[in-house]
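Undergrad: Listed here are the chains, written in short residue letters.
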Amino acid sequence: MSGDARGRRGDAWLIETTVIGLIGLLLAVGTVNDVVRQVHVNRRLVVDLATWRAYSARDYRNLTIEQDVKHPDSTREVVCGNTSPGAPKERRQLCLIITGAVVAGRRAVQGGYYLPPLTVVDRRSARYACFGAAKSQELCER
Amino acid sequence: MSSLAEHPPPPPPLPGSAGRARRLAPALAALCALLALAATAEIVLDGALDHSALIPRSPAIAGWLAGIGERLGYRVFLIALLAFSAAYAVLLALAGRGALARLRPRWAIGLVGALQLIVFAGPILLSTDVFSYIAYARMGVVHGLNPYLHGPSAITGDPIYHYVGTDWKLVATAYGPLYTLLSYPLAPLGVKGALWGMKAMALLASAGTLALVWRCARLRGLDPVFALLAVGANPLYVIYGLGGAHNDLLMTFLMMAAVALTLTGRSSSTRQAWAGATVVAGALIKATGAVLLPYMVLSSDLGGHRSRRRLAPIAGAALAVLVGALAAYVAFGVHGVDIVAALNRDAAFVSTDSFPTEVAHLFGKPGVFPIDHTLLKGALAAILLYLMWLTWRGYDWVAASGWALLAIVVTSTWLLAWYTLWPLPLALVTRERRLLWAILAVQALFIVHQISPLLAPVR
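Just so you know, the sequences run in chain order A and B.
The opening residue of the first sequence carries number 1 in the working numbering; numbering runs sequentially from there.
The opening residue of the second sequence carries number 1 in the working numbering; numbering runs sequentially from there.
There may be inaccurate statements among the hints.
Said to hold, decoys possible - Below 35 Å or equal to it, Euclidean Cα-Cα: the simulated DSBU-like pairs (lysine-lysine) are:
no. : chain 1 : residue 1 : chain 2 : residue 2
1   : B       : K365      : A       : K135
2   : A       : K89       : B       : K169
3   : A       : K70       : B       : K377
4   : A       : K70       : A       : K89
5   : B       : K377      : B       : K169
6   : A       : K135      : A       : K89
7   : B       : K377      : A       : K89
8   : A       : K70       : B       : K365
9   : B       : K169      : B       : K365
10  : B       : K377      : A       : K135
11  : B       : K365      : B       : K377
12  : B       : K192      : A       : K70
13  : A       : K70       : A       : K135
14  : B       : K192      : B       : K169
Simulated from the structure, these hints should not be mistaken for lab results.
Computed from a predicted model, the values in this text were never measured in an experiment.
Based on the sequences and whatever the hints tell you, model everything.
TA: Listed below in structure tokens is the structure:
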């Protein structure tokens with residue numbers, strides 16, 4: 001390989017390494033940002049579970065949480081759980097719409113609705129007895 | 001694998017602090033090896049107890065291990081994975097600096113073998129894919145259904161159905177026809193028998209890959225012990241790849257077999273034709289394996305006459321495509337041949353661990369949109385073409401293939417841990433060290449992305 005050719009390959013190596021490094025940096029920042037974001041979400045979810053238990057006065061553990069994935073900045077979550085002891089979703093479920101900032105380890109319950117026993121998928125057609133924001137937003141069919 | 005006696009003798013002892021550091025290296029390596037073994041055993045023993053968020057529901061194949069551990073949760077799993085990763089990093093650093101040269105290769109082989117056997121003895125870890133493999137096999141053999149036309153939901157009465165992942169119950173197979181045909185003999189063995197068969201197939205493919213990595217590293221004048229440790233003691237390879245009995249291991253085995261054929265048969269057109277055919281065989285396991293072919297064909301690294309040299313792998317590949325397509329058509333009809341449709345379907349999937357999703361979140365988007373898929377495909381095509389041009393100009397085709405596979409991993413919106421294993425064996429048989437560091441960095445980022453349950457557990 002001639003000196004010129006070696007020099008061109010050296011330049012190419014430097015450019016490639018720089019591009020790879022920049023891509024790596026972007027991926028690293030994206031990863032750390034995602035971890036931090038998920039940690040915040042997890043902490044909020046812990047508060048949501050405590051809020052559901054406090055609101056319903058039940059110490060039920062197998063709660064399900066639905067997040068608003070279409071709006072990443074949204075803090076609105078819907079937490080559902082059985083209103084009597086039993087396997088997950090086997091009993092009547094109470095679903096609470098929880099939003100806002102954490103105050104004294106709880107968040108605000110804006111409203112909610114019920115789901116009949118054995119409802120696996122939370123659909124509008126299955127919901128009943130909407131209250132609060134759920135009623136004004138017409139989240140229930142019945 | 002080449003004779004161990006052929007391994008170069010250890011270097012003479014160094015004076016002063018460098019000599020002391022080198023003397024301490026075996027002890028540190030032994031400590032790291034024990035840590036890796038303990039972390040693997042912890043995951044396997046805890047996983048054997050019962051299903052959890054990390055252990056899929058499975059027929060009881062590891063019940064005899066169940067009395068020792070506790071149910072595997074995120075905390076213990078992530079601590080074990082991080083400990084294993086740290087041990088792996090130190091082992092690689094020591095091996096890379098030649099500090100383990102005094103240790104016999106048997107030590108590295110023993111460690112890698114023990115890691116593989118611990119995982120083999122345990123339950124299926126972290127993925128339901130293997131149950132899909134068995135379901136597709138049972139659909140074809142037991143129920144007379146075409147797995148390229150129906151998802152496992154067509155066999156709801158079959159005992160394997162309950163173990164198939166929820167997301168995959170309606171999905172027809174996207175795996176290559178060769179893999180589907182290879183899995184058919186396991187179907188009559190029952191669910192447990194087929195599961196052990198899948199685990200054995202993954203173990204054998206892994207052992208074959210590691211043997212070929214060793215052989216190819218030696219052929220290229222690289223350190224085979226470093227190469228063996230870098231692949232065989234890799235935490236994602238052991239825990240996710242082998243732990244889930246993924247068919248990716250079979251694809252990487254065939255990829256490495258193709259590399260070995262080109263390295264041992266530089267002047268033999270027949271061997272190069274076989275190399276081309278072997279790449280196609282890998283692609284008939286999982287279509288991603290086809291990525292190697294253009295780089296192999298464009299390589300100027302192969303011996304012999306230039307035009308004949310390029311013709312041999314093309315001819316071998318073309319013949320293999322013909323035979324494979326004919327067999328697939330006879331066995332599965334036109335749907336068994338149409339791998340492109342399955343790839344297009346899978347390319348639309350999005351996983352939370354994928355880098356495009358993470359970057360989308362970074363820019364405040366909820367996830368990737370259709371336009372992002374198009375942009376990513378364009379970027380991937382540009383990278384693949386650039387690598388082809390480099391290979392044409394004399395760049396190592398094995399390294400180019402590794403970069404191409406890594407580019408697929410990084411640009412894919414559907415990223416799973418075992419996908420990061422595709423380019424790893426290739427990186428260990430090339431002098432392009434940037435490739436290895438890039439793969440390890442991607443794997444490290446994948447592991448970092450898993451740790452949020454450790455920092456903020458949801459109870």
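Undergrad: Could you run down the list of hints and mark each one as holding or not?
TA: Each hint tested on the structure:
Of the supplied pair hints, the one linking K365 of chain B and K135 of chain A holds, its CA atoms being roughly 29 Å apart against a limit of 35 Å. Note on K89 of chain A and K169 of chain B: the hinted pairing holds, with a Cα-Cα distance of about 21 Å set against a maximum of 35 Å. Proposed proximity of K70 of chain A and K377 of chain B is supported: the alpha carbons are some 23 Å apart, at most 35 Å. Under the criterion of a C-alpha separation no larger than 35 Å, the hint pairing K70 of chain A with K89 of chain A is consistent with the structure, at around 25 Å.
As the CA atoms of K377 of chain B and K169 of chain B are separated by approximately 28 Å, the hinted pair is consistent with the 35 Å bound. Note on K135 of chain A and K89 of chain A: the hinted pairing holds, with a Cα-Cα distance of about 22 Å set against a maximum of 35 Å. With a C-alpha separation of about 41 Å, the suggested pairing of K377 of chain B with K89 of chain A is violated against the 35 Å cut-off. Taking the CA atoms of K70 of chain A and K365 of chain B, the gap is near 9 Å; set against the 35 Å cutoff, the hint holds.
Taking the CA atoms of K169 of chain B and K365 of chain B, the gap is near 30 Å; set against the 35 Å cutoff, the hint holds. A distance of roughly 44 Å separates the Cα atoms of K377 of chain B and K135 of chain A; the hinted pair therefore is violated under the 35 Å criterion. Using a Cα cut-off of 35 Å, the hinted pair K365 of chain B and K377 of chain B holds, with the two alpha carbons roughly 19 Å apart. For the hint pairing K192 of chain B with K70 of chain A, the CA-to-CA distance comes to about 41 Å; that exceeds 35 Å, so the pair is violated.
With a C-alpha separation of about 22 Å, the suggested pairing of K70 of chain A with K135 of chain A holds against the 35 Å cut-off. Our distance criterion of 35 Å between C-alpha atoms is met by K192 of chain B and K169 of chain B, whose separation comes to about 20 Å.
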